[in-house]
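In order, the protein sequences belong to chains A and B.
Just so we're aligned: the first sequence equals residues 113 to 296 in this note's numbering.
Just so we're aligned: the second sequence equals residues 56 to 180 in this note's numbering.
By construction, these hints were calculated from the structure, which means they are not laboratory data.
Careful: at least some of the hints might be erroneous.
As the list claims (entries may be wrong) - Below, simulated DSS-like cross-link-like pairs (lysine-lysine); rule was C-alpha separation at most 25 Å, straight line:
#, chain 1, residue 1, chain 2, residue 2
1, A, Lys135, B, Lys118
2, A, Lys135, B, Lys137
3, B, Lys134, A, Lys135
4, B, Lys72, B, Lys61
Stated by the list, open to error - Covered by chain A, according to a simulated footprint, are these stretches of chain B (three or more residues, beta-carbon under 8 Å):
#, stretch
5, 106 to 116
6, 133 to 139
Here the structure is a predicted model, which means the values were calculated and not measured.
Beta carbons are placed, not taken as given, at the ideal position from N, Cα and C, and that holds for glycine.
The lines below spell out each chain.
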Amino acid sequence: MAERDIIHNYLKSLSKYLSRLDKADADDVIREIESHIYDVLEASESEGRSFDAAAVLAGFGEPRELAAQYVDHMLDGTPPPEGFKAIQRVKRGATKGLYYAMEIFGYGLSLILMIVGVYKAFSPDDVGVWASASGESIIVGVSSQPPGHTDELLGWWLVPIAFGLAFGGAYLTKRILGVLKERL
Amino acid sequence: MNQQEKLEAKWDVQLRKGSLELVILAALKERRLYGLELLGLLHRFETMQITEGTLYPLMDRLKRDGVVEASWHQEGQSKPRKYYQLTPLGEAKLTDLTSRWRKSVEDIEFLLCNPGPKIISPRGE
Chain A
113 MAERDIIHNY
123 LKSLSKYLSR
133 LDKADADDVI
143 REIESHIYDV
153 LEASESEGRS
163 FDAAAVLAGF
173 GEPRELAAQY
183 VDHMLDGTPP
193 PEGFKAIQRV
203 KRGATKGLYY
213 AMEIFGYGLS
223 LILMIVGVYK
233 AFSPDDVGVW
243 ASASGESIIV
253 GVSSQPPGHT
263 DELLGWWLVP
273 IAFGLAFGGA
283 YLTKRILGVL
293 KERL
Chain B
56 MNQQEKLEAK
66 WDVQLRKGSL
76 ELVILAALKE
86 RRLYGLELLG
96 LLHRFETMQI
106 TEGTLYPLMD
116 RLKRDGVVEA
126 SWHQEGQSKP
136 RKYYQLTPLG
146 EAKLTDLTSR
156 WRKSVEDIEF
166 LLCNPGPKII
176 SPRGE
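Taking the hints into account, I'd like the entire structure generated from these sequences.
Structure below.
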């Protein structure tokens, strides 16, 4: 690809990533960078050196990253669009709801699993995981009368599995709540 | 790049992060320069090897902060170029940052020149 095509494509790509800015601001950025590149090109030609467009453009970095640096500080301090505060309020409210729902669900499920594990240890015949003979359904629970025509699947293994899942679930819930709390 | 060079390069990057604004303001003191000229000036110094991708967005931010002003000029047969110079606010900021820089260097020098084990106090305190 000719050097000028490489430059043209770079500037076109940069222009695309600067589209969030005012057109005048974006055009000024493009014009300055274009001016720099052609200054380097002219200096190379007048000194009889070969011009490597890719090397010059490497100094500017990827168009997306370069544009992001301009966009970040240019839009910093710009007043939020109308209705933005209401959106933020709704977003915070939704996060709060999700936080408490996750807390109840995650810790509640862990607690139930722990109770199942403890119950199984003390009353092994009443607690278990049963599968119907036809394999169409699985029943997990506490029952004084084991469901008819079913086989118990886990036996004593239910105790460590229930505890493992309970601790795993509680840990996962704690991590998720930690992430959600930052957004409250 | 050997270990020593790596350490030096890492140190230069860390130091530049905090001092680059001062470097730019100092480079523009009583000078009006366009981007390539400014970059060329900085590249004459071993510890100021910044890239185009660092310089231009920073110049734009400094312009928005009101410490430098930029204007397009055409000199002779050359293409128009965007020249930067300090504003009065930039000159005042350069004076403030210069005194803080010198104070930091003085404090570091004092620590370097006064090794332990005795606990020392800065001069005049």
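Cross-check of the supplied hints:
1. A/Lys135 <-> B/Lys118: 18 Å, holds
2. A/Lys135 <-> B/Lys137: Cα-Cα ~18 Å, so holds.
3. B/Lys134 <-> A/Lys135: 22 Å, holds
4. B/Lys72 <-> B/Lys61: 17 Å, holds
5. 106 to 116: As far as the stretch 106 to 116 of chain B goes, the hint holds, because 7 residues have Cβ atoms under 8 Å from chain A.
6. 133 to 139: holds (count 4)
Hint compliance for this structure: every hint is met.
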